[in-house]
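Chemist: If you want the building blocks of each chain, they are given just below.
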Amino acid sequence: MLFTWIFTLKLTLINTIMKTLTVLASIMIAAIFSSCGGEDKPKTETATAAQEEPQRMVADPVEYDPKRGEGKYTAESLALSNTLDEAKAKLGEDASNVKCTSCHKMTDEKLVGPGWKDVTKRRTGEWIMNFITNPDPMLDKDPEAQAMLELCLVRMPNQSLTDDDARAILEYMRKNDGLK
Amino acid sequence: MKKIFKIAALSGLIAATGLPSCKPKDTANAVSGDAGIKAYVAPGKYDEVYNFVSGGFSGQMSVYGLPSGRLLRVIPVFSNDPEKGWGYSEETKPMLNTSHGMVPWDDLHHVQLSKTNGEADGRWVFGNANNTPRVARIDLTTFRTSEIIELPNSGGNHSSPFITENTEYVVAGTRFSVPPDDVNGDVAIDSYKENFKGTLSFISVGKEDGKMDIAFQIQCPGVNFDLSRAGKGVSHGWFFFSCYNTEQANTLLEVNASQKDKDFVMAVNWKKAEEYLKAGKGRKQAVKYAHNTYSEKTHSATSEIKTEVIVLDSKELKDICYFIPCPKSPHGCDVSPTGEYIVASGKLAAVIPVFSYDKMLKAIAAKSFDGEFEGIPVIKYESALYGEVKKPGLGPLHTEFDDNGNAYTSMFVSSEVVKWNIKDLKVIDRQPTFYSIGHLCVVGGDTKKPTGKYLIAYNKITKDRYLPTGPELSQSAQLFDISGEKMKLILDFPTIGEPHYAQAVLASVIKDKSVKMFKIEENAHPYVAKGEKETKVVREGNKVHVYMTAIRSHLTPDNIEGIKMGDEVYFHVTNLEQDWDVPHGFAIKGADNAELLIMPGETQTLKWVPTKVGISPMYCTDFCSALHQEMTGYVRVSPAGSSVPLKFGTGVTKPEVAAASK
Numbered sequence: 001m002l003f004t005w006i007f008t009l010k011l012t013l014i015n016t017i018m019k020t021l022t023v024l025a026s027i028m029i030a031a032i033f034s035s036c037g038g039e040d041k042p043k044t045e046t047a048t049a050a051q052e053e054p055q056r057m058v059a060d061p062v063e064y065d066p067k068r069g070e071g072k073y074t075a076e077s078l079a080l081s082n083t084l085d086e087a088k089a090k091l092g093e094d095a096s097n098v099k100c101t102s103c104h105k106m107t108d109e110k111l112v113g114p115g116w117k118d119v120t121k122r123r124t125g126e127w128i129m130n131f132i133t134n135p136d137p138m139l140d141k142d143p144e145a146q147a148m149l150e151l152c153l154v155r156m157p158n159q160s161l162t163d164d165d166a167r168a169i170l171e172y173m174r175k176n177d178g179l180k
Numbered sequence: 001m002k003k004i005f006k007i008a009a010l011s012g013l014i015a016a017t018g019l020p021s022c023k024p025k026d027t028a029n030a031v032s033g034d035a036g037i038k039a040y041v042a043p044g045k046y047d048e049v050y051n052f053v054s055g056g057f058s059g060q061m062s063v064y065g066l067p068s069g070r071l072l073r074v075i076p077v078f079s080n081d082p083e084k085g086w087g088y089s090e091e092t093k094p095m096l097n098t099s100h101g102m103v104p105w106d107d108l109h110h111v112q113l114s115k116t117n118g119e120a121d122g123r124w125v126f127g128n129a130n131n132t133p134r135v136a137r138i139d140l141t142t143f144r145t146s147e148i149i150e151l152p153n154s155g156g157n158h159s160s161p162f163i164t165e166n167t168e169y170v171v172a173g174t175r176f177s178v179p180p181d182d183v184n185g186d187v188a189i190d191s192y193k194e195n196f197k198g199t200l201s202f203i204s205v206g207k208e209d210g211k212m213d214i215a216f217q218i219q220c221p222g223v224n225f226d227l228s229r230a231g232k233g234v235s236h237g238w239f240f241f242s243c244y245n246t247e248q249a250n251t252l253l254e255v256n257a258s259q260k261d262k263d264f265v266m267a268v269n270w271k272k273a274e275e276y277l278k279a280g281k282g283r284k285q286a287v288k289y290a291h292n293t294y295s296e297k298t299h300s301a302t303s304e305i306k307t308e309v310i311v312l313d314s315k316e317l318k319d320i321c322y323f324i325p326c327p328k329s330p331h332g333c334d335v336s337p338t339g340e341y342i343v344a345s346g347k348l349a350a351v352i353p354v355f356s357y358d359k360m361l362k363a364i365a366a367k368s369f370d371g372e373f374e375g376i377p378v379i380k381y382e383s384a385l386y387g388e389v390k391k392p393g394l395g396p397l398h399t400e401f402d403d404n405g406n407a408y409t410s411m412f413v414s415s416e417v418v419k420w421n422i423k424d425l426k427v428i429d430r431q432p433t434f435y436s437i438g439h440l441c442v443v444g445g446d447t448k449k450p451t452g453k454y455l456i457a458y459n460k461i462t463k464d465r466y467l468p469t470g471p472e473l474s475q476s477a478q479l480f481d482i483s484g485e486k487m488k489l490i491l492d493f494p495t496i497g498e499p500h501y502a503q504a505v506l507a508s509v510i511k512d513k514s515v516k517m518f519k520i521e522e523n524a525h526p527y528v529a530k531g532e533k534e535t536k537v538v539r540e541g542n543k544v545h546v547y548m549t550a551i552r553s554h555l556t557p558d559n560i561e562g563i564k565m566g567d568e569v570y571f572h573v574t575n576l577e578q579d580w581d582v583p584h585g586f587a588i589k590g591a592d593n594a595e596l597l598i599m600p601g602e603t604q605t606l607k608w609v610p611t612k613v614g615i616s617p618m619y620c621t622d623f624c625s626a627l628h629q630e631m632t633g634y635v636r637v638s639p640a641g642s643s644v645p646l647k648f649g650t651g652v653t654k655p656e657v658a659a660a661s662k
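Protein sequence lines correspond, in order, to chains A and B. All residue numbers for the first sequence refer to this note's numbering, where the first residue is 1 and numbers rise by one. All residue numbers for the second sequence refer to this note's numbering, where the first residue is 1 and numbers rise by one.
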C-alpha cells in the first residue's frame, strides 16, 4: 500500500510540473474540496484523487500489481525455495483442516470456494499469502479475487491465520500441486 | 403545576428558543432549541459514553450509547433469552442453577462497574438478583455473564451489588430479613422480632480473574436493607447501608413500616470485620448456595453447590456496626467523591440529611450515642450530621455527583432532579422529569473522579411520552446536559424492562478491550469439531452426539439418518469462522427450547428430543452470506427399534467422492 502511494505521489509531482498554471489552480481547488470529505485518508491519496478519475471499484492496473495482490507479502519477502518443506506442509495440512477445507477441496472441484488443485500454478505465492491473510481489501479491489467472488458468491472469510499458519498452508498447497 | 410553569418559563428564557414565554401547553417546552445537536451522533460515529442500565423485571442488563440513547446490546443475566440461547443451550443452563434448582428469571435492580482507586476500570460490571438472591459478574471484554453467585441467609438481594474502591468486595444486603438458613424457618410470621435476621454479604473479587467468593457475612437485626455504598477516599474501609422498617413490621409495611420519624443509616467498618475474621471470631454456618462460572475456553458453565459461610455477629462484635438515625424510610445512601459526605435520601422525608464521616468518627470515639437498637449503638443524629438540604422537593431517592462539587438528587414524588452544592447545601437548579423519576445516573457519578457532562433520569411512569402501544409502555429515560449551571433536557429514550440504577462511563475505558472472536485453536469444549474432518455422529445408547460445524454457508453434517424415537440428540455446533461479526445460528423443527447463537470459534449445544417420525429440517438462523438461505439440512427420524443405520454427511456432490458415512 505504502509503495503504491509513494509511487503515485511521484507521478503526481512530475505531472504537475508539466502542466499549465490554470490546470494547477484547478487541481488545488479540487484538492481543497476533496480534503473536506475524507478526514481519515492519508494526504497522499487525497492528492491523487484530486487529479484522477472518480473512485473505481477495481484497482488501477498502474498502481496495483495483480500478480502480487495487496498485503504485506512480496516475492522477495517470501523467497520460496524450489523444494518442498515436508514438515511445513504437514503443519499446513493440519491448519487447513481447521480453517479451510470446509470450503475448499484438494481437487479442482469447486465446493464453496474453488478447488486448490493447481492454485500455486495459477497464482504467485505472494498473491496467495496476501489473499488468505488479507481477504477483505483484496476482495474490494483485486480483479482475480473479484472474478472468483462473482463465481462463488461467498466472500472468503478472514480466518485470522497467523503468519506461520499461512506460510504452512501455502506449503501444503505446493505439495498438493506436486512439488517435491 | 405552579413549579413546573416557573421552571419551563425560566428555561425558555435562557435558551432563547423563540418559544413564547407564555403558559406551557405541554412538557416539550422544557426542551431548548439546541437539544437535537447535543444528542446527535452521526451515522457511523461512536457514542461518547457507555451506559449500563439495569433491566429490572426483565432480569437482564442493557447497554446504551450516549448521548444518542441508542440501544447497543441486551446482556442476558438472570433470565432466559431464547434469542441468544441463554439458559437454553446445554452450556448456559448451569448459569441459572440455584439451591432451588434452575431459576430462569429474576429482577435486576442495580449495576456497578468494577473500580480501581475509586474509578471505573472497565473490567467488569456487576448486577444483583432481587428475587432469588444472587450477584452476577459480566465480563466487559465479551459483554457476557461470566459468573453468578447465590447468597444464603438472604431474602431479597436489594442493597447490592455495591463495591469498594478497589473492588475488594461486592456487598449485598438483604431487603427482606428472614430466619437464617441453618435454623428451622418453619416459624410464625409474627415472630419477626425474635426469629428474623438481616444479613450483609461481603463477596470478595479475585484481583486478576474477578472470581467471586463469599468472604464473610455479618448478621444484623431484622430490618430491611435498602441501598448501600462503599466509603471512598477518607472513608475507604467503611460501608453505608440505608435501613427501613426499623419498626420490624411483618405485615402492611406501607403503614406499619412508616411509623417512626427516623430509620437508620448503618455504618459498617469492614476493615474491622476483616480483623475479626482473621482472629477467628466468625462462626461457620452450614448453608447451601450455588456458584456458577462460565469458561470462555471450554465455552461451558459449571455449577457448584457450596455448603458453608462464615458469619460475624454484629451484636457480639461491638465495633463493626453503628446506626445513624435518618429521616424517614431512607432509600439512597450515597457517598461524595471525597468520601467525606454521606447523603441519605429519606423517601418520605422533607429534608436531605448529609452526614459527615469525620463527625461520625468523632461521635463514635466520644461515645455520643442515643442508646442501642438490638444491641447496636445508635449515634446521635446531630453528632454525625453535617447539615440538611432544606426544601429540596418531595420524595428524595438517590444522589450522584459531578466534577464541580455538586450533587444531583432524584425526587420521586415531585418528579424532578434537584442540583445542590455539597458544601453549602443550597439548591442551585431543579428540572422536571417526565414522569416520577426513580434512580438517576451521572457519568462517573459514584466515583472519586466524576466525569459529569450528562445525567440520565430513569423514570417510573411514561404515559404520553411516546406513541401509545396499548396498556404496556416502555419505561422512559431522559438525558440531561449538566455541563452548565442549569440542567438541560436533551433527549428521551425508551428502555427495556424497568431500569432502576444504571452506570455510565466514558467509552474509551472499555471499547478497545472488546473481544472480536474466539480462537478456534484454543477451543477446549469437550465436543468441539476443529474442522470438518472432526465432524461425526456418535451414538451412546439413546444419546446421540452430533459433532457439527458451521461455516458460510453450510452445516456439516447436514444429512443425518438413523435417529430413532426415544433418542436424545445433542447438536454440538462449532462455528469455524474466525472473523468479527460472523455468528451462525442453529435451529431444528420441533425443538422445545430455543435456538443456538454461536460466535466465531465457539461451540454450543442444543438438546433435541424428537417427538415425531419423519424428516426434520434444520438451518442457520442468523443471516450469514448470500447463500445463507441454503445453509440447511435434514434429520431423518425413524420409529424406535427401526433398523435404519446411523448415516451422516455433507456435500456428496460427485459420485466418486460419495463418502457420506465417514
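Honestly, the hints are just simulated from the structure, not real lab data. One or more of the hints may lead you astray.
As the list claims (entries may be wrong) - Listed below are the simulated EDC-like cross-link pairs for lysine to aspartate or glutamate, each with C-alpha atoms no more than 20 Å apart in a straight line:
#1 Lys519(B) with Asp94(A)
#2 Lys88(A) with Glu521(B)
#3 Lys533(B) with Asp136(A)
#4 Lys516(B) with Asp136(A)
#5 Lys193(B) with Glu274(B)
#6 Lys536(B) with Asp94(A)
Chemist: Could you run down the list of hints and mark each one as holding or not?
Modeler: Hint check results:
1. Lys519(B) with Asp94(A): holds, 15 Å
2. Lys88(A) with Glu521(B): holds, 18 Å
3. Lys533(B) with Asp136(A): It is violated: about 26 Å lies between the C-alpha atoms, which goes past 20 Å.
4. Lys516(B) with Asp136(A): holds, 16 Å
5. Lys193(B) with Glu274(B): violated, 28 Å
6. Lys536(B) with Asp94(A): Holds, at about 18 Å.
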